[in-house]
Amino acid sequence: MEFWIIASVAAAAFQTVRFMLQKHLAKVSLSAAGATFARFVYSAPIAAAILATLVASGRVTLPEVAPSFWLYGAVGGAAQITATVCTVMLFGRRNFAVGMAFIKSEVFFTALIGLVLLSETISGVGLIAITIGVAGVLVLSGPIEAEARGWRRVLTPSAVLGLVAGALFGVSAVCYRGASLEVATDAALLRALVTLAAVTLMQMVSMWIWLMLREPGEVGRVLSAWRSAGFIGLTSMAGTFCWFTAFTLQNAAYVKAVGQVELVFGIIGTVLIFKESISRREYFGMALLAVSILTLVLLT
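Quick note: my numbering has the sequence shown finishing at residue 300, numbered continuously throughout.
Since the hints were made in silico from the structure, they are not lab data.
Even glycine gets a Cβ: it sits at the ideal position worked out from N, Cα and C.
Please note: incorrect hints may appear among the correct ones.
[Unchecked claim] DEER-style ranges, computed between Cβ atoms:
| id | residue 1 | residue 2 | range |
| --- | --- | --- | --- |
| 1 | Phe284 | Met212 | 42 to 48 Å |
| 2 | Arg227 | Leu54 | 45 to 51 Å |
| 3 | Ala287 | Ala52 | 41 to 47 Å |
| 4 | Leu54 | Val205 | 28 to 34 Å |
| 5 | Leu272 | Leu294 | 23 to 29 Å |
| 6 | Gly58 | Ala184 | 16 to 22 Å |
| 7 | Arg280 | Arg59 | 52 to 58 Å |
| 8 | Pro157 | Ile5 | 35 to 41 Å |
| 9 | Leu71 | Arg227 | 32 to 38 Å |
| 10 | Pro45 | Glu215 | 35 to 41 Å |
| 11 | Ser224 | Arg280 | 29 to 35 Å |
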């Protein structure tokens, strides 16, 4: 088996474990914002330490960044924080595997946002894939509420949380790409590391201030839960490293296609870890979503 495949599967596994830990912490000890903060407070120092070590050892030279780098990073970081909070809230409403599938709407939102912000065109196949994905999201949104009217009969709170999270993850993806392009180096991994270190540090500081003002005591709970919360940061860093490794070895479309094994990991987590059941309708919705994503990354 080629190493890029192993790296892609490992990245999907690390990401699934991180989401499981965030869901667990949100249920037993931390708020949605606290579970989100746990990701950054334990990963930002690691990313910064890796970059500082490489620079101090003389292996790399810290590249210059354009002023727009910080704007892209700040907007992308804020979008990712809000999306992650929505994701944790979604996990509290629906089972884990369905929540994982909702997150995958990021793929089509990234395509749409890229069209608006970067003037990237979408092919006919891409439009079909997006349509299939929207159908999958609506199926996953649950039974239509008989007492509701208009769009409320279709867009349940779970569907809205999933769509908002997907859209914001799309914003963060486009902004992170913009930020990385403002780093003055041709080394892709160094660009990614500089962007990752800068953004996660901004996210850690901003969320720390937010929690101190809006949820007094939550920072202390996150730090006291270091045995579990620390793994969120570690799995986040490990997953990101594996994605970058795979991208350096193979076409990103193939890497993303293999990464869809995350849906399978989500189902395994639902059944074995959280002891939750999945209905036939939910399996059908996840299948539509998986077809949409695979079509989008392989045929467009």
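Broken hints, by number: The structure conflicts with hints 2, 4, 10 and 11, although it agrees with all the remaining ones.
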